[in-house]
Amino acid sequence: MIEFANASVTYPGGVKALRDVDLKIDDGEMVVIVGLSGAGKSTLIRAVNGLVKVTGGDVRVDGESVPNASDAELRALRSKIGMIFQGFNLVKRTSVLNNVLMGRLYETATWRTLLGRYPAADVELAMRALERVEIVEKAYVRASNLSGGQQQRVAIARALAQEPTIFLADEPVASLDPPTSHVVMRDLQRINHELGMTVIVNLHFLDLARMYGERLIGLRDGEVVFDGSGEEADESVFESIYGRSLTADDVLGEPAPDEDAAEVAP
Amino acid sequence: MSATDAGTVAPQRPTKPRPSPMRYVAVGVVALLTWLAASDLTGIGLVSRLQRTFADGIPDRTAEIFDQILSPDWSILGATVDPFLETLAMAVLGTLLGCSLALLVAFGASAITAGGRKRLAGTRSIMSVIRSVPDVMWALVFVSAVGTGTISGLLALVLFNIGVVAKLLSETIDAVDTGPLEAADAAGAGIIARARTAVFPQVLPNYLAFSLYAFEINVRASAVLGLVGAGGIGQLLLFFRNRFDYDRVSLVVVEIFVFVFLTELLSITLRRRLTE
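Line by line, the protein sequences give chains Y and V.
Mapping to numbering that gives the first Met the number 0: the first sequence position 9 is 8, numbers consecutive.
Mapping to numbering that gives the first Met the number 0: the second sequence position 48 is 47, numbers consecutive.
Please note that the accuracy of each hint is not assured.
[To be verified] Taking beta-carbon pairs under 8 Å as the criterion, some of the chain V residues facing chain Y (in silico): (1) A174; (2) G178; (3) E181; (4) A183; (5) D184; (6) G187; (7) A188; (8) G189; (9) I191; (10) A197; (11) S266.
Note that these hints are calculated values from the structure, not bench results.
The structure presented is a predicted model; accordingly, all values stated were derived computationally and were not measured.
The beta carbon of each residue, even a glycine, is placed where N, CA and C say it ideally should be.
Turn these sequences into a full structure, and let the hints steer you where they fit.
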């Protein structure tokens, strides 16, 4: 369980990114966080694994306080939390497999990492993670040779290789085209449904948010202004989250492709 | 209706600003400094020296030395092979050792990978000290400490390479894409693991290019280091010079030139491939 208790983040320079956030996210939930850019979505998600430290209040993951964890405790905590990013954050000059193996860094002995000799079990784990996102045939290709959508799926595999219980996704589809966005969102949905991981996704497209978010949290100026199910969130709710009327830019605008269509055709 | 027609009031074109009078002052200052440096106020005394040369003509001894330099003594070519190999070995080993150590130092000298301000400040100050001492000075220090010979030259090259390569590489690390670092942190990686997996692959081509560049410098430097007793071809050069065998000095210089030229050619070709 993830708990935010009166959590605030003030960046050096005085920008208040989170203000007194109180939240409880149960194990196995699929949560989408929406809000304009600058509303504090990235800060909120990074507070969970301590990439951003809360400056007030507390964030607890499975009862353990993130801001008060020692370096070693924080690393142990992070190893159980997978994360993907808007810019994929792959090492482009190395192979897909090496990138996925980065998910094993916490468990791997330092000398093995230095020599690049990972245990066979870890390689197997990485390969299975690549199979899950259906990109295993690219295992020995340089990451720079992949398309954006493929890179994001490699990033998902890297996070899966950690065998985490929580999966964070910070604007995972913001640099992708609409069809690829749906592919990645479906992957996240499957991770939640099939593997039972808690998934927290930042999005700014309201149609994607409504489609995939079983629970929807609206942020505005660092404050939680909505917390409810995806069905409850109608246009007026989004207008209150965004603080303005909606425009065409707020929707991805492409319906999810029907997965069964290809199989139905003779 | 043309574009210049009235009706739309175009904003007035600005007049070209006057050049600052400071430029004349700057030229004047540079000219004055040059004149002062060449005058008899300094030890060079270039002006009076030139005046004397014009009055008396070029001294015989100078002409004789130039004659000798222009006709290298090819008969001793065979005798220069061993010292030359010594110099080459010094350059190769110096590059390998120096660049390996520089790799470690560089990670400690970048804010991204150092892991703590104290370590960063410590590494950087050690690097400054190493770099502020010229390679020839290092050679002199080691010649006094461990005696004349190639080991002193080697040690000098190692320190010199750490200074140069660690500096260049740490600046490359500073400019690396930090996305993968964030990913490594999020996965709970330790400081060594994240440096190895998220940073090293990104800077590897640069590192190899810097190492080749270091080798290039080493070939040249190892010739000079011999002059202070650090072995190799430079020591032979010093020996001939002390005996005023300028035709032999000239041969060694020609050899060094050819050798340095070839290494540079090789290094440039390889480096171009690396950074492509």
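Taking the hints in turn, this is what the structure says about them:
no., hint, verdict
1, A174, "violated, 14 Å"
2, G178, "holds, 4 Å"
3, E181, "holds, 6 Å"
4, A183, "holds, 6 Å"
5, D184, "holds, 6 Å"
6, G187, "holds, 4 Å"
7, A188, "holds, 4 Å"
8, G189, "holds, 7 Å"
9, I191, "holds, 5 Å"
10, A197, "holds, 6 Å"
11, S266, "violated, 22 Å"
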